[in-house]
Every structure is written in C-alpha cells, then in structure tokens.
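Colleague: These are the residues of each chain, in order.
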Amino acid sequence: MRITVIVNGASHTREVEPRLLLIHFLRDDLGLTGSHWGCDTSNCGACVVWLDETPVKSCTVLAAMADGHRVRTVEDLERGGVLDPVQQGFTECHGLQCGFCTPGMMMTARALLDRNPNPTAAQVREALSGQICRCTGYENIVRSVLWASARQAEADPARPGGPALDGRGPA
Amino acid sequence: MQVPAQVEYERAVSVGHALTLLARYGPRAAVLAGGHSLIPMMKLRLAQPETLIDINALSELRYVEVADGELRVGALARHADLLESAVVGERFAILHDAEQVIADPVVRNWGTVGGSLCQSDPSEDLSAAFAALKATLVITGPDGTRTVPARRFHTGPYETVVAPGELLTEIRVPASPGGGSAYAKVCRRAGDWPLAAAGAMLAVDGGTIVEAGIGLTAVGSRHFCASEAEEHLSGAPATPERLAEAGRIAAQHCRPVSDQRGPASYKRHLAGELTVRALRRALLRARAGER
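Sequence lines, in order, name chains R and P.
Heads up: the first sequence begins at 264 in the numbering used here, then just goes up one per residue.
Heads up: the second sequence begins at 39 in the numbering used here, then just goes up one per residue.
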C-alpha cells in the first residue's frame, strides 16, 4: 500500500507492506536511525516518536496507521544548529552512558515539558516510567530534564521557573 | 526481530464504514484501535487476522462526557483521556486509580478504553473497574445498537459477546448518588499486569450501604466481579467488620491459578486484602462526598 507521512516537516511517500512497523519505516525506509528499535514489545521506550503531538511507542504502531499524519523524531529536536534544551540537559547532566534509550527519553521529555514546563522530579519520573535505561539508574536523566526545564524558564521569563541550573536539582 | 504476519489493511472513516468493512471481511478481520495488545499478539502469531480494520480515524468515538447523570466514554477514548478528565477523577475515582497503574504514560497515550475491554485479557484492570461500577456497554452492528451489562460482556479469556460484524462503541457508567469508588492493585513492577487487583463502588445512606459493586481481576473471577461479597454488603451497616468479611468472602470465591506472577494462595490472599482496601477507600470517598 502507498502511504504518505509527514516526518519532521517533510512529506514522504512510500510503498509499504501493511504489516510494516512505524519504527522500521523510519529507520529502514527513511534512514532516520535516531529512533532506536529496542525491546519490540512496547516495554522499553527506546522507539518513542511523536504521532502528531502524542508520544507513542513506534514498535507497536503500524506505518499504515501514520498515513496522512505527522511524525516527529529525535532528529527534529535540534533546530537551526541549536540543540533543544532537553538535549542540552542530557549533555550537561551526563544523562546518558550508552545512549540507546536516549532518543526515546528525550522525545518523551520534550512532550512533558511542552505540557508541563515546570515539572517536579516525581512528575518527570512518572512521565519517563515507560522508558528503560540500563546504564544511569535514572538519576541523571531526571536531572537532565529538570535542567532543561530550568533552562527554558531562564530563556523565557514568561514561563514558570524551574529548579536551579546546577544540574543537581532535587532527585 | 518480531513482525506481524502478512495482513491486509483498511482504514475506516466512520462507524458506518467500519461496519461495512467488518461485514465485507467477516470473522477473519480484526478491529485495530490502539493496537497495544493486538499488534504484540500478531507479532507472536497468537493473533493472525487476514485484515485489519483501523478505527483510529473515528474521532466520533473518542470522548469522555457526563450526560443525564451518567458517564459516557467513547470506545476510542485513550487511557490518557480518562486520566485527563477532571469529572472522572471527581465522580468516578476508581477509573483514575486504575488508569494510573495501567502500563505507562506513553502506552496510555495510544491504548484505548474500548480496545482494553474487547481484548478481554483475564488480567485486564478496566474490566474489573467497569464491573465494579456496573457499567453498560453499547455495541453497534448492522441492525443498530444493543446494550450489554459489563458483567455479561466477557465470555472467557480473549472472548466477548461482540460478534463479527459488530463494534463496541460506548461505555456508560451510571451515577451513584452518595457513592464512592476506588481501585487497588498489586503488581511486580510499575506498569505491569496485576498479580491481583480489586475495584470497589459503595453507595451509602447514613450508615447503611445502599449499593455495593466489587470487581476483581487476574484471580479467575467470573465476569470480573465478586457477587457473593457484594451481597454481604448490600443493605448492611458500613462497618469495618462488614468490609473485612466481604474481603474474606471475595477471597473465598475467586479462582486464581499459580503462574510466573505468583502462587494461587498468595493471589487469593491479595484478592481479599485488596478488596478490603478498595472498599475502605471507596467508603471514605463516599463519606467525603456526603459532606
């Protein structure tokens, strides 16, 4: 079947099998390998992308279901050579070690901060509870997201303030 | 690498269109809503439909509203929609309790309420919650709609009364004046399937229980409810002893099996304990509503 998906603002039309999973469409058909294909069972969250505005686990969504919709992947976080505050946070706070879970973590974190610019550590943990990291013990990931929250508040004073920018916000 | 077997795909654009497609493709078709149970089952070849009928475009089935005093949930409402509904949190707290412990936030973004019920997994949380609430399910077919009590909806593991050619379209929950509700679950890790879980709804008038609903999941209870325990409460004084005895009765009548999640004896213990916890919390909420 022929599908057209707007991925990171660009329209892509491809002939696909109906059984093709969205994660494989992104990685194999479009070459967008930033999204990682992990557990294949919707448990680990490495494959999280946005379908329209909603984070979904793309190993459990068919590419056909995205036909006519917008998809946003980790490749779209950086804009005009500037990293998204979430990406900066992961850099500043050592939010990754092997990096396999990172794209999913960042897409979910970006969605969280869009809806709730000033989350508590507990809210960050809850939002990321569908993502598995086998390296960090999650502490630095939570700090990274809180750092991003604070950076956004600093950059845009109209937004509610976040925790201090020392990267060691309340865990 | 897990991929589904070859399958045809059709996208329904209206309920009527979905019914036409279901009639055309017959019993070898499967309705695809959130897909968070169906697609994993297809990967494992536990489900092998010939055609998927995608209903995600049916925005007319995605709503959560209170009308004429009852809660109406469109079958395509996402789990997250229930959680985001303030009126659900205030008046049907059991649904917020349950949704907070179903899978994880990203899965809840896409999984649907109707899909969860139609999956009819013996450990499904919402099946127990809606059984406790004595909900009514609306099924639409070529000849119009029919309603089925939630307690008659599931005919067995992965089986429901929804016939090929029909579609679950709405869940209706009656308002219970003076009522409170709650859900309690024990699972091995956050977001996992329950070892056991219990939902409770209590309507009280003064110190008397006017109506009781108890739902149980993952413990082999028929139709996800604990009728014997409910009977012990209905019309009875709302005392701690009465609630404790209802828990004992619920544990006695459920039929858990030992599996990788735990031994039957432990699940039976949990069924009783969680029933009492849910009843206590439901009672507190009912009394808070009275003030």
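Note that these hints are calculated values from the structure, not bench results.
Where a beta carbon is used, it is the ideal one built from N, C-alpha and C, also for glycine.
Please note that the accuracy of each hint is not assured.
To be verified - Beta-carbon label-pair distances, calculated as ranges:
hint, chain 1, residue 1, chain 2, residue 2, range
1, R, Gln351, P, Leu84, 13 to 21 Å
2, P, Met39, R, Gln351, 32 to 40 Å
3, P, Pro187, R, Thr354, 50 to 58 Å
4, P, Arg293, R, Thr383, 54 to 62 Å
5, P, Ala326, R, Asp419, 51 to 59 Å
6, R, Arg265, P, Arg83, 24 to 32 Å
7, P, Ala201, R, Asp419, 52 to 60 Å
Colleague: Each of the hints needs a verdict: does it hold here or not?
Modeller: To see whether the hints hold, each was checked on the structure:
no., hint, result
1, R:Gln351 with P:Leu84: 13 to 21 Å, "43 Å, violated"
2, P:Met39 with R:Gln351: 32 to 40 Å, "34 Å, holds"
3, P:Pro187 with R:Thr354: 50 to 58 Å, "55 Å, holds"
4, P:Arg293 with R:Thr383: 54 to 62 Å, "42 Å, violated"
5, P:Ala326 with R:Asp419: 51 to 59 Å, "40 Å, violated"
6, R:Arg265 with P:Arg83: 24 to 32 Å, "27 Å, holds"
7, P:Ala201 with R:Asp419: 52 to 60 Å, "55 Å, holds"
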